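Engineer: Chain by chain, the residues run as shown.
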Amino acid sequence: MIATNNLKKLLYSLIVIITALACSSIKEIDNDWARDRNICKKLTGDVLVYTIFVSNKKLYPWDENEMKIYLDSVKTACNWIESEAKKNGISLNIKTIKHNKASLKGAPGKSNESAMKMLQSMQGLTKVNKHYDGISKKMKTSVVKQKTALKPYVKKIKGKQSFAAMLRNQHQCESVVLLFAHKRDKGGHIAFSLNTLNNSDIEYLVTSFDNPSMISYQILELFGAASLRHPNNPRKQSAIAEHVKKHFKDDIMANPMVSRIEEANIGDFTQYLIGWKNEYDPIHKILMKGKRVRVK
Amino acid sequence: MKNTLHYLAVILITISCSSSKEIDARWARNRGAGKMLKGKTVVYNIFVDTKTTLYWTGFDIKSTKDSLNKSAEWLEDQAKKNGQELDIEMMYYGTTVKPTFKKNIPYKHVYEAFSDGEFSKESKLNKWVTGILKKVNKTIKLPNGEKLPRKPKISAGEAIVKKIKKLRQADNVTINILVNNYYISDISAIFNAMSNEDTEFIITSGKNPYNMSTLLLSVYGAQSLADGAYNKYKIKNIQLAHTDFPNDIMVKYFNDINQAEINDYTAYLIGWKENIDTKYVDLFKIEPKKKLLNDSYK
Numbered sequence: 011m012i013a014t015n016n017l018k019k020l021l022y023s024l025i026v027i028i029t030a031l032a033c034s035s036i037k038e039i040d041n042d043w044a045r046d047r048n049i050c051k052k053l054t055g056d057v058l059v060y061t062i063f064v065s066n067k068k069l070y071p072w073d074e075n076e077m078k079i080y081l082d083s084v085k086t087a088c089n090w091i092e093s094e095a096k097k098n099g100i101s102l103n104i105k106t107i108k109h110n111k112a113s114l115k116g117a118p119g120k121s122n123e124s125a126m127k128m129l130q131s132m133q134g135l136t137k138v139n140k141h142y143d144g145i146s147k148k149m150k151t152s153v154v155k156q157k158t159a160l161k162p163y164v165k166k167i168k169g170k171q172s173f174a175a176m177l178r179n180q181h182q183c184e185s186v187v188l189l190f191a192h193k194r195d196k197g198g199h200i201a202f203s204l205n206t207l208n209n210s211d212i213e214y215l216v217t218s219f220d221n222p223s224m225i226s227y228q229i230l231e232l233f234g235a236a237s238l239r240h241p242n243n244p245r246k247q248s249a250i251a252e253h254v255k256k257h258f259k260d261d262i263m264a265n266p267m268v269s270r271i272e273e274a275n276i277g278d279f280t281q282y283l284i285g286w287k288n289e290y291d292p293i294h295k296i297l298m299k300g301k302r303v304r305v306k
Numbered sequence: 427m428k429n430t431l432h433y434l435a436v437i438l439i440t441i442s443c444s445s446s447k448e449i450d451a452r453w454a455r456n457r458g459a460g461k462m463l464k465g466k467t468v469v470y471n472i473f474v475d476t477k478t479t480l481y482w483t484g485f486d487i488k489s490t491k492d493s494l495n496k497s498a499e500w501l502e503d504q505a506k507k508n509g510q511e512l513d514i515e516m517m518y519y520g521t522t523v524k525p526t527f528k529k530n531i532p533y534k535h536v537y538e539a540f541s542d543g544e545f546s547k548e549s550k551l552n553k554w555v556t557g558i559l560k561k562v563n564k565t566i567k568l569p570n571g572e573k574l575p576r577k578p579k580i581s582a583g584e585a586i587v588k589k590i591k592k593l594r595q596a597d598n599v600t601i602n603i604l605v606n607n608y609y610i611s612d613i614s615a616i617f618n619a620m621s622n623e624d625t626e627f628i629i630t631s632g633k634n635p636y637n638m639s640t641l642l643l644s645v646y647g648a649q650s651l652a653d654g655a656y657n658k659y660k661i662k663n664i665q666l667a668h669t670d671f672p673n674d675i676m677v678k679y680f681n682d683i684n685q686a687e688i689n690d691y692t693a694y695l696i697g698w699k700e701n702i703d704t705k706y707v708d709l710f711k712i713e714p715k716k717k718l719l720n721d722s723y724k
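Which chain is which? The protein sequence lines are A and B, in order. Last residue of the first sequence: 306 (this note's numbering), numbering continuous. Last residue of the second sequence: 724 (this note's numbering), numbering continuous.
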């Protein structure tokens, strides 16, 4: 009887796994794909970084002082990106704004750890996207209206994309970075930039890190920059690591946890991906290939 | 290169026949509502809200208008350089209170209509536009209650063109249907450019001045000289165009439109030059591809 039950369980688990595999697949996409796409196209002109603080109802609430300190880090990150742009002759003006009310919806899956686990499956990804749609939807009533908004306004906020459309209209800027700031919990940190390699939903970033280098790294990711730290193609991992070490040792995309952001820079390859340069040296082609993403 | 192809993807000239016979690109020269890109030219823009594309906000409309003006300025400047007189006026459907037209599009994305080369799908999109134009036509009034003659019966597109020609004393009128895709990459397309049966129009999905300029040029007969998967046509000796006209706007994508030019071949097709060197005769021979877009666009 016990053996039959176990067999049933095994068969049930197999069906679940097979269904999950049939619904999603892994596709290799060039890093070039993310260039000049989605809501954060080129990192030039006017950019809005809009921070929404997210906490649990009981655990880890944000207090005013913590939010202020966190926003200072966001500002430091943005100032550094602006100064890098200036060095490279790029006109860039980043406006940082905090949403005046924190969300109490917490992390997807109720903890940072389970949120990070959810990203490993297509079904989980959809849930994560819906979670932040839900947060955006609730934020509408507490948005500080700007006089600069032009008619027609966004009437209904259905999720992140209409919320971002409203912010674009209110602040009259092309690129909006939606930053959902969490606090570190028992399960550790949370950090991801979603939808940078697809067109089906708006790209945004979620983070619990408060160091300016990591915030800059994630902002750049939204504008198309590729991580030079964890090349996720094992076949090329060592070659990529060697190449990065040789050419982009101090690039922020290779050192997101650098203690002093002033010691980092934005290298040629990253500059190409974020739209500051029209071409990149073909010797860096190795860095372009092999990004593996889960697709429906 | 990939980025270049991505942008060239937005230039599609849709023909109203599904055969794959060889066509002569000169056929589109001096035909349709957009004959020669000279004189007073009106672009009639209609911002359309649909359920599947994103709703137009004030910012989207304003920034798209900025891009349209930039494109018009560039075209006028190129005309001047080629010794032609060109005055482009951007005209818009609707009012400041209600600047958009609402009609649900039959597809989630415009590219879906072209993904498998099925003409019936393209035709469905054509019908969607016809529905819009029928209603828009009723909103355009001629002064003093003047009306267009009842016979011969003309399509709504033709009626709009005739009315605007009268209203603005224009030589040419182009209808441009715009859908909002602020974070989605979709294609833009030209319909009826190679047909005499109906008025040509554009469906624009983005707000890049480069794309807008190439689309307008295509309406007036210019031919895409892009090499690769995204050109709807196979061109016999395309390399010749790349060698002789490397900076022509129809050859490749330009990040900054001010770096692009209109060279002899394109100038001939849009009516700015009377003759063209016989060595370019192979460039006129174009053949429609059966399957246009691959999955990489999704």
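Incorrect hints may appear among the rest.
What the hints assert, rightly or not - List time: in silico SDA-like cross-link candidates among lysine to any residue, alpha-carbon distance up to 25 Å:
no.: 1; chain 1: A; residue 1: LYS140; chain 2: B; residue 2: TYR533
no.: 2; chain 1: B; residue 1: LYS477; chain 2: A; residue 2: ASP40
no.: 3; chain 1: B; residue 1: LYS678; chain 2: A; residue 2: LYS255
no.: 4; chain 1: A; residue 1: LYS165; chain 2: B; residue 2: LYS488
no.: 5; chain 1: B; residue 1: LYS534; chain 2: A; residue 2: LYS255
no.: 6; chain 1: A; residue 1: LYS157; chain 2: B; residue 2: LYS678
no.: 7; chain 1: A; residue 1: LYS255; chain 2: A; residue 2: LEU69
no.: 8; chain 1: A; residue 1: LYS150; chain 2: B; residue 2: THR526
no.: 9; chain 1: B; residue 1: LYS488; chain 2: A; residue 2: LYS255
Simulated from the structure, these hints should not be mistaken for lab results. Since this is a predicted model, take the numbers as computed values, not measurements.
Engineer: Decide, hint by hint, whether the structure agrees.
Structural biologist: Hints and how they fare:
no. : hint                 : in the structure
1   : A:LYS140 to B:TYR533 : holds (23 Å)
2   : B:LYS477 to A:ASP40  : violated (31 Å)
3   : B:LYS678 to A:LYS255 : violated (35 Å)
4   : A:LYS165 to B:LYS488 : holds (18 Å)
5   : B:LYS534 to A:LYS255 : violated (44 Å)
6   : A:LYS157 to B:LYS678 : violated (41 Å)
7   : A:LYS255 to A:LEU69  : violated (41 Å)
8   : A:LYS150 to B:THR526 : holds (23 Å)
9   : B:LYS488 to A:LYS255 : violated (45 Å)
The structure is inconsistent with the numbered hints 2, 3, 5, 6, 7 and 9, although it conforms to all the rest.
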